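K.L.:
Here is how the chains run, residue by residue.
There are 2 protein chains.
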Amino acid sequence: MVVLRDCFLGVRRFDDFEKRLGITRHVLADRLKKLVEHGVLYKTPYQQKPVRQEYRLTEKGLELHPVVLALVHWGDKHMADERGAPIVHVHKQCGKIMQPLTTCSCCGEPVTARDIRVEPGAQWQDRSAELLPR
Amino acid sequence: MVVLRDCFLGVRRFDDFEKRLGITRHVLADRLKKLVEHGVLYKTPYQQKPVRQEYRLTEKGLELHPVVLALVHWGDKHMADERGAPIVHVHKQCGKIMQPLTTCSCCGEPVTARDIRVEPGAQWQDRSAELLPR
DNA sequence: GCTCCTAAGTTCTTTTGTGGAACTCGCTAA
DNA sequence: TTAGCGAGTTCCACAAAAGAACTTAGGAGC
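Quick note, the sequences are listed as chains H and B, same order.
To convert a position in the first sequence, counted from 1, into the working numbering, add 30.
To convert a position in the second sequence, counted from 1, into the working numbering, add 30.
Rather than coming from a laboratory, the hints here were simulated on the basis of the structure.
Since no wrong hints were added, every one of them can be taken at face value.
Copies of the same chain look alike in the list, so a pair counts if it works inside one copy or between any two.
Distance condition first, Cα-Cα at most 30 Å in a straight line; then the derived DSS-like pairs of lysine-lysine:
| no. | residue 1 | residue 2 |
| --- | --- | --- |
| 1 | K64 | K79 |
| 2 | K107 | K90 |
| 3 | K73 | K107 |
| 4 | K63 | K107 |
| 5 | K107 | K49 |
| 6 | K107 | K122 |
The model shown is predicted, which means the values in this text are computed figures rather than measured ones.
Assemble the whole structure, with the sequences as input and the hints as a guide.
P.N.:
See the structure below:
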């Protein structure tokens, strides 16, 4: 998650990740490799002689933005000190500082945990006991 | 994250978490303790003689719902097999199967990674070099 | 020609975390 | 009297992470 957070801030290079994250080079190399293997990041050279790679979000990776945004927002609300949120998100279209709001894709209304009921997926009915409690 | 996911499905008891998650009792006890310490879950007895506890989401924990919902939705889209999503979310108010949509709190428009610009928070200007790359 | 520097790793050793199984404790039911 | 349940705790062997040094392929300064 912290690697992804920094990707969304525009960090692309191995040493930049290492300086920003409190993580060893070994673990960073491992995580980057796994993210590439799963198609969340891709590796592309930004210079030859010597070859230097950078890591960028794929389309699949970009679609994790709602997850990271929601988690950052939660952290800003519940973990921040008196200085408040260390960074803010500006919505380019409307120009204002925004908070992410989760809404229903059908009716557009805001959605909280209490507004949702969970049901087994269409192809999974026979296995709902394993999927849902009680 | 998997403990939280199951909390939002209504799982509350130690042994139920253990059966559903591929995680040892030791690690589960540790994670539940940490989540309680951080105020995401709270422990409450559901019977006396002998005392049995259950774990429930606090208000702070419930506010992680957008994070879990967004991550589940991403997984359904990118990791599901031909059977599709194992569970679906029904919006109680409109009665339809919904996908979470992240929108701008100011203008209400849907937001993607490309619509956002990041800036340092008001009280943090002097430290923006550490917070933002380049 | 020598030394230092950079980026992107890899290798090494020590410490910490995890998996798996068994054990505990307070109680209930057969 | 024995068995079972829920919610852990303890023990050991193995896996992963921290921290530091080393590697490789070049470039800059002297």
